Structures are given as C-alpha cells and as structure tokens.
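There are 4 protein chains.
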Amino acid sequence: MGKLRVTVWNEFRHEKESETIRSVYPNGIHQAIGEGLGTTDFEISYATLDDPEHGLSEEKLQNTDVLIWWGHKAHGEVQDEIVNRVYDRVLHGMGLVVLHSGHFSKIFKKLMGTSCDLKWREAGEKERLWVVAPGHPIVEGIGEFFELEHEEMYGEHFDIPQPDELVLVSWFEGGNVFRSGCCYSRGQGKIFYFRPGHETHPTYYNENVRTVIRNAAKWAAPTTRDYPKYGKAATPLEPIKGYNG
Amino acid sequence: MGKLRVTVWNEFRHEKESETIRSVYPNGIHQAIGEGLGTTDFEISYATLDDPEHGLSEEKLQNTDVLIWWGHKAHGEVQDEIVNRVYDRVLHGMGLVVLHSGHFSKIFKKLMGTSCDLKWREAGEKERLWVVAPGHPIVEGIGEFFELEHEEMYGEHFDIPQPDELVLVSWFEGGNVFRSGCCYSRGQGKIFYFRPGHETHPTYYNENVRTVIRNAAKWAAPTTRDYPKYGKAATPLEPIKGYNG
Amino acid sequence: MGKLRVTVWNEFRHEKESETIRSVYPNGIHQAIGEGLGTTDFEISYATLDDPEHGLSEEKLQNTDVLIWWGHKAHGEVQDEIVNRVYDRVLHGMGLVVLHSGHFSKIFKKLMGTSCDLKWREAGEKERLWVVAPGHPIVEGIGEFFELEHEEMYGEHFDIPQPDELVLVSWFEGGNVFRSGCCYSRGQGKIFYFRPGHETHPTYYNENVRTVIRNAAKWAAPTTRDYPKYGKAATPLEPIKGYNG
Amino acid sequence: MGKLRVTVWNEFRHEKESETIRSVYPNGIHQAIGEGLGTTDFEISYATLDDPEHGLSEEKLQNTDVLIWWGHKAHGEVQDEIVNRVYDRVLHGMGLVVLHSGHFSKIFKKLMGTSCDLKWREAGEKERLWVVAPGHPIVEGIGEFFELEHEEMYGEHFDIPQPDELVLVSWFEGGNVFRSGCCYSRGQGKIFYFRPGHETHPTYYNENVRTVIRNAAKWAAPTTRDYPKYGKAATPLEPIKGYNG
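Order-wise, the sequence lines are chains C, W, E and X. Whatever position you read off the first sequence (first residue = 1), add 827 for the numbering used here. Whatever position you read off the second sequence (first residue = 1), add 827 for the numbering used here. Whatever position you read off the third sequence (first residue = 1), add 827 for the numbering used here. Whatever position you read off the fourth sequence (first residue = 1), add 827 for the numbering used here.
Mixed in with the good hints, there may be bad ones.
Same chains, same label: a pair holds when it works inside one copy or across any pair of copies.
[Said to hold, decoys possible] Result set (DMTMM-like, lysine to aspartate or glutamate): computed pairs, CA atoms no more than 25 Å apart in a straight line:
| id | residue 1 | residue 2 |
| --- | --- | --- |
| 1 | K936 | E992 |
| 2 | K933 | D907 |
| 3 | K1068 | E974 |
| 4 | K900 | D991 |
| 5 | K953 | E904 |
| 6 | K1045 | E908 |
| 7 | K1045 | E974 |
| 8 | K937 | D991 |
| 9 | K830 | D1053 |
| 10 | K1059 | E904 |
| 11 | K1045 | D868 |
| 12 | K937 | E992 |
Please keep in mind that the hints were generated in silico from the structure rather than gathered at the bench. All of these numbers come straight from a predicted model, not from anything done at the bench.
Can you make the complete structure from the sequences, with help from the hints?
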C-alpha cells in the first residue's frame, strides 16, 4: 500500500494579517499541520483559500485520499461550487478531518445537516481532553487525557448530529465541557471533527494533537470499492409474481 | 397536555394530474394521512405545494408541532426560502416525519447531509416490514412484521447517515432490503423517515402504516425548553487563572 | 392511560449504619427519590435489599413498569436469581433507571456487557451537568446545565458500551469529565444511567435531579406489545425452491 | 508492524460426529476459516473445545490479537472460567469475531447483555447479504451484495443491542431479513458479529465470506495503549475549594 495522499487546506488569512499569529505559525497553520503528519506514511500537499479554485481543483481532489480543513474568518468566501465538489468527493469516499473553527465551514455544516453552532470564549484557558473510547484507533498512542495549557474554549451545546463514535471530551478551566473528537460517516466517506487549534496558540506543534491528527488521517482513509449504483433497478433479482419488467 | 398540532404537507400534483392516482386518493394523499392520524390526539391541518408559501408561512410553522412531508415529482419547485424556514423550525424543536419519496426532498437532504439516493423499482411487488427495535414507541401496536401486497421497491444502498435508531427493515419480493424506519435528531428536533407510500398504491389506508405514522408523530413531538444559547460566552463559570474577562 | 407503576429499589444500608447519612436521608434514599417523583403520574412502591427476595418477587416485577435502582456497598449480596429475574423483565420491556453507584450493580453490568468501572473521588467537589441532547425528553424542563455544589466525582474512562443516546456530560471541579446521562435499549426494555447521588450529599432533593429522574421514568415506560417469537420458524413466509418444510 | 496473531476457535464436534458435515469440512470449520484468512497478513493458530482449557490458556490469549469464534451445539460445555478469561481479554483490547451460531455462545451473550435470540430455519434457502455501510473497511472488496445459494435462515427479531455500526443486512428467500454484520466496542476491544456459516454448507469456502472475515480481523486488531486506570483517584488534577485530599 502506497502512502496516503493528504491535502491540508487552510484559509491562510490570519497568518498574513496578524503579526502575532504569524509569529506562532510563520509558514501558516497548514505547514505546521503537515509537518506534524510527517512523510513516513503520508504524501502531503497544501491548498489555501486564495489559490485558484481554493487549491481544490477537480483533479486535486481526485488525487486526495484525506482532506484536512482549517478555516475561520472567511468561511463565506469559499465558493459554493468548490464546497459541492468537496462534498461529492466525501460521499465518494474521500476522508475529511475538520479542525477547530472549521466547525462553521460550509462543507462541515452541509455534511452534518445542523447549525454546528457552539459557545466560545477567548480566555487562553486550560483544556484537558479525555479519551472516552479507549479502543479507538484515533487515540492510539494517547494517554488517558492530554492537556493544552492555553486554548480558546468551545462549549456545549455543540449543535451536531449525535456522533457515530465519540472519542474525546474536553474539560475547560472556565467550567465548560465539549465533545472534542467526533466520528461520522457520510456516503462512502469518513469524517472526523477535532476541536483544538485556535490560531493564537501553538496547538498544532503539540505532540498529542499531532498524534490525533495523524491517526485520524489514517482512520479516514478511503476504502477501495465502486460507488453504489443508485436509481432505477428495473430487473428484479428474484421473480415477482405478475411482473415481467 | 393539549392535542399535538400536526401539519400534513403534500405535493398534491399526482392526484390532480392522474385519474388513476386520484381514484386511489380522491382527496389527496394528505387527507388520507390525516384521516389515519385521527383527531383524538391530534389537531390536524394541511398544506400543499401550490398554496401560497407552500402553505408553510412563518406563523403556520410556529404553530406546528410535527410536520409530515410527502413529495415526489416537484421537489425542485419547493422554494429554498421555505426549505430554510422548515429547517430552522426543526432545529428549534419541530418534529418532522418524512414519507416515501420525500427521501429526495430538499429538506430531508439538507438535514441528512447526504445524497439520500437509493435503488427503486415499480413492479407492484410485496414488501414485508420487520420490526428490529421491538421496544421502540414508534412500533407500539405493530406485530413482528407487517406486509404490503403491492408497493414500489426501495433498495439499499440507501445513502443516509447511520440512523440514531433503526426501527424497521423491509424485505422485498424482488430480492432487496431497505432500512425503512429511521430515527434522527437534529438540533432540538426529531426526524423519522418512513419508507412506504407510493402514490399508485392504497398504502396510507393500511392500518399498520397508519399506526406507525401516528406513533411517529407522537415520538417526534417537541420538548418544551429554551433554545440553547450559542456564540460568545465571555464570562466564565469558573475563575480562569490570569483572565479577567 | 393509568399511572406508571414505579418501584424504587434501594440497598438501604448506609442510612441504617451511619448517623451522618441517616441525617441526610432519614427515611432512606428510596423515599427521597419517590418523593421527588410525586404521585401525579406515578404509582410508587419501594423495595430494599433486606426485604424477602430483596422486595422483588416475580409478582412485584410483573407489576412494575419502571424500576429505579440505587446500590453501593452490598452489590455482592444481591442474589443472582433475583438479578436474572430483573434482567428477564428488562428484556421483556420493564424500564430501568440506574442511579450513581448502581453502575457497579450486578444487573447493570449484566445488561451492559462491560466492567462499568470508572474513576472516583470523594472530595465534595462541584459538579456541573451539561445537556448535550437538547431535544431529548429526559432533559425537558432542565436549563443548559445544572450544578451540584458538592458531589462525589466519577470520571472517565467510564467502561460502558457507547450509549444509544448521550444526554448529559459532567464537568468536575477537580478536572474530570463524565458521561452522566446515558440511554440504552436491551431487548424490549429501556435503560437510563444517571450519575449523581452520593449518599452523603442531599442530591435527591435537588429539583433538577428530580426532574431528570421523573423524565427518565416516563421515557423508560414499556411499550405494550407481545414479546417477539424466537426459535424455530420452520414454515417460511415465502416459497423456497426445493423445500417443502 | 508484524503479522496479526489470529486464533480461530471451533467447537469441532459436528465434524467429528457427522459424516455429512465432515465431508464439507474434512479438517474442521476452523481450518477452512484459517485457510481463508491466508498467511500474508496473519499468523494463524487454532483452538478447539476439547483441547485442554479449550485451547485458550492465559498465555495463548495474551498472544492473540484477534479471536474468531465458531460454536453451536456445545455452548454449555465452555467453562465459565474460560469465558471470563476471554471476556477480560476483550475488555483489554483483543478483537473478537463471532460467527453464525456463535450468537448463542456464552462469551457473545456476556458481551452483549441481551439474550441474542433469533428466528431460524434449516431449509437450505438463498441468502443475499446487502452492504448498508459502503465506506466501512469490513466490506472493502465486496460488491453491493453477495449471495449464498444455500444457508440456514436467521431472522429478526435478533435480540442484540443496537450495533455501533451496522454493515450488512440479509435478505432470505423464505421472507425474512437479518442484521448480518454488526460492529461493537466493549472496553478496549472490538467485536464483529457475522451471520453466515451453517455447518452443512460450504460457506467458509466462499470468497466473499472469506473477504469479510479477513477484513473483520484487521478491523478488530487491538490498539496499543495502556489499559485505563480505574478506581480511586484521590488527587485532583485541579484544586478543589476546601479540599486537601
């Protein structure tokens, strides 16, 4: 089996506009994420909002096994046509890992069917992520919990469909909890939402965060099978009394 | 507790255009569904595609506890604005029962986040619906299975998210199976998809079908609680070290 | 519909042995729970460990719609024969609400198929229970969260099967989280696990706790249908080629 | 990563007692299953009921990543001590693939928490297994459905907890349906129940059946992480007001 082809998509605006954020992620959040994946198991490429077609041409997506998505302040600028293209690829099997503020991206909301709204607070508070599904491959190599000293808070109620599998739950210093690692399938594709990663904190350098993203990319890898045949199935598989269709 | 306010929505085109179908449902599919609900527990009203605002004004929806939806050939004519209005009401708690070809309605696809595609065949074949969740309130009063002598076939793969609860599975004479009774929650709202009901068959006069729809309407009844507060939650519930927000 | 017949089962040892605990629950935890249910919708009776057959005769269980279970220090004294009797009734439709340290009862472990182990700490710390399923009938009448000033801590990992529906998640002052409100179905029966209720704290007088237990009892009410027929089904429903069974 | 260590457990009584069955599986069902797994990805060993400790010594289980289980007529002869040993290993991460009549094994019932009862009929009828989770790794390499010309029928209601993931649904010639491929997690272990495999039919030579079992073994592979720490956690992770524990 060859390497998994991962495309890391980043809005890449904060890093250009704010020196503070640039100092945390000098090459952009996407590069920090890609660096964390490493090249042993992955063939990594990047795409950003301001690339032509947001870097997500039909060809690019056809050659992507797993797409990682970070966006925040410019969700509205992502063209519907590209959203629909990504959506179609997910239903056909491409994995999707949605990070942090990507909860409000068009693609995540379209796949979830809910508002994906939540509570939030920027107080640089402590977050402790607890493993609630200890046998799940996404938390392999993670202890019973891990901590992020300073993060933005996301709190319940998080308006998502009940996850197919809930893997992580966050405790926040300020008194909130959050379902932080959520697995879904849509069509032939697998989707993982992972909470951490505010742009002002060095979260994507954290080894536990990197392990989770690496595991999630592997978990979300497509299976190789034909897309189901939908539509008219006139010829029955078994005889039907009185029917000669 | 007063009666549940149920609005039955029907596309209501087949019945006008085809004498054959009109002979099955002379007053429209919606009336047959409403008649099956009965007025003991429900206060029933009707809405159809060709009514102003498709019969689904803001006021009408605010006064609807559970919306039942039957549509087929004119999904594309349902205005996006009305779809968004129904969507918003579901997230705020209104129940939604989607019947048969409503699987391809805009509102169901929007709430599911998938294509909702399936296999189908019009061969008037036998369908046998098996109860796979015998403790579920939606199948109260139903035996181990029930049969419909002649129905359109819907077959797997049915491209829906994994149901929160799977209640019924259909066996078809022609060799197919189908997940025929599927429960979901979205926001504060409950959604039930129920397969049977092709326009050429007298399915909505069937006592078992009526029992399931009646139970589903009760199951999908809204709970009475405030909509969650989303967005900025600047004031923490607990002190955060170094934060005076 | 008549009143729901609820039996509240309590180990009833702590209250007899400790004056401190007796001062919190002078008539036993069961009485405080029953008082919280009220008699408007429920016909309440009580059963305790030291009653003959632990108060759970075959007849008693046949006349119980929902059983509420509180146990802690004497799980081992509950006879296997009675456990099997309760188990059988749950599979046949009786609802079961398991409270707090009941997580380690024989009946809960038998129904879950896991160790039901967890982390715990008696530090009288603050617990805040967040609603994560805002449309669920079990949290009707509850705000976005509610607090218990002093409770025993139960922390993840909680070794249970993934709940069919997760309704509440607890935040603890000492840094832990817990899945505090978990729905399951087993056979025809519905089971709700609800975390709070350490014997040294007046938790079962708390109005929010009482509301949840009241709602849970209603949610767990049996449906009225025949038990499925299992075993040999020699006569096919459809003809089988070459078979004349 | 080395090869996955799979132990195939077989009751191995039918094959000894019946010449008909022996003619189908001359070396026992276990050997046919093992042959289907192949040695490319697996290191295979065998264990049977009449071996000392049923072939499942503590050491053997410690060196088993995934256990495959076929049993039928002698479930009662499996010693409780061995059942508990297997159970403990599953909670600690060992995968378990339960085949066909293994639905009534002590170990499966203990892990499910239900009766695991079902309808059955030996009429040698046709079974068609439909994929309902097309992106799931367990059905990689399988078409939209596959057929077994002659099999025992298992029909709903199948008294299992709702699967975490439902992968396959069977259509039977005689008019029944069945949830034929069911995923669960228990503790750190993953469990897959797979329906086909009556002892009188050459089902375990079928290429699709073999593919599913091979995929299931890989899917059920343990993750490598420490078992969670349960029990007293006296020292809080965060300061608790008024507590110096």
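Structure-based check of all given hints:
Taking the shortest alpha-carbon separations for K936 and E992, both the intra-copy value of 18 Å and the inter-copy value of 21 Å come in at or below 25 Å. In the homo-oligomer, the alpha carbons of K933 and D907 lie at most 25 Å apart both inside one protomer (8 Å) and across protomers (16 Å), since each shortest distance falls under that limit. In this assembly of identical chains, K1068 and E974 lie within 25 Å of each other by CA distance solely across copies; the values are 15 Å between and 64 Å within a copy. For a Cα distance limit of 25 Å, the shortest separation of K900 from D991 qualifies neither inside one copy, at 28 Å, nor across copies, at 32 Å.
When the C-alpha separation of K953 and E904 is checked against a cutoff of 25 Å, the pair qualifies neither within a copy, at 32 Å, nor between copies, at 44 Å. In the homo-oligomer, the alpha carbons of K1045 and E908 never lie at most 25 Å apart, since the shortest distance is 27 Å inside one protomer and 38 Å across protomers. In this assembly of identical chains, K1045 and E974 lie within 25 Å of each other by CA distance solely inside one copy; the values are 23 Å within and 31 Å between copies. Within a single copy, K937 and D991 get their C-alpha atoms as close as 17 Å, and across copies as close as 19 Å, so both meet the 25 Å cut-off.
In this homomeric assembly, K830 and D1053 come within 25 Å of each other (Cα to Cα) only inside a single copy, at 21 Å, whereas the closest approach across copies is 28 Å. In this homomeric assembly, K1059 and E904 come within 25 Å of each other (Cα to Cα) only across copies, at 22 Å, whereas the closest approach inside a single copy is 38 Å. In the homo-oligomer, the alpha carbons of K1045 and D868 lie at most 25 Å apart both inside one protomer (9 Å) and across protomers (18 Å), since each shortest distance falls under that limit. For the homomeric pair K937 and E992, the shortest alpha-carbon distances inside one copy (19 Å) and between copies (22 Å) are both at most 25 Å.
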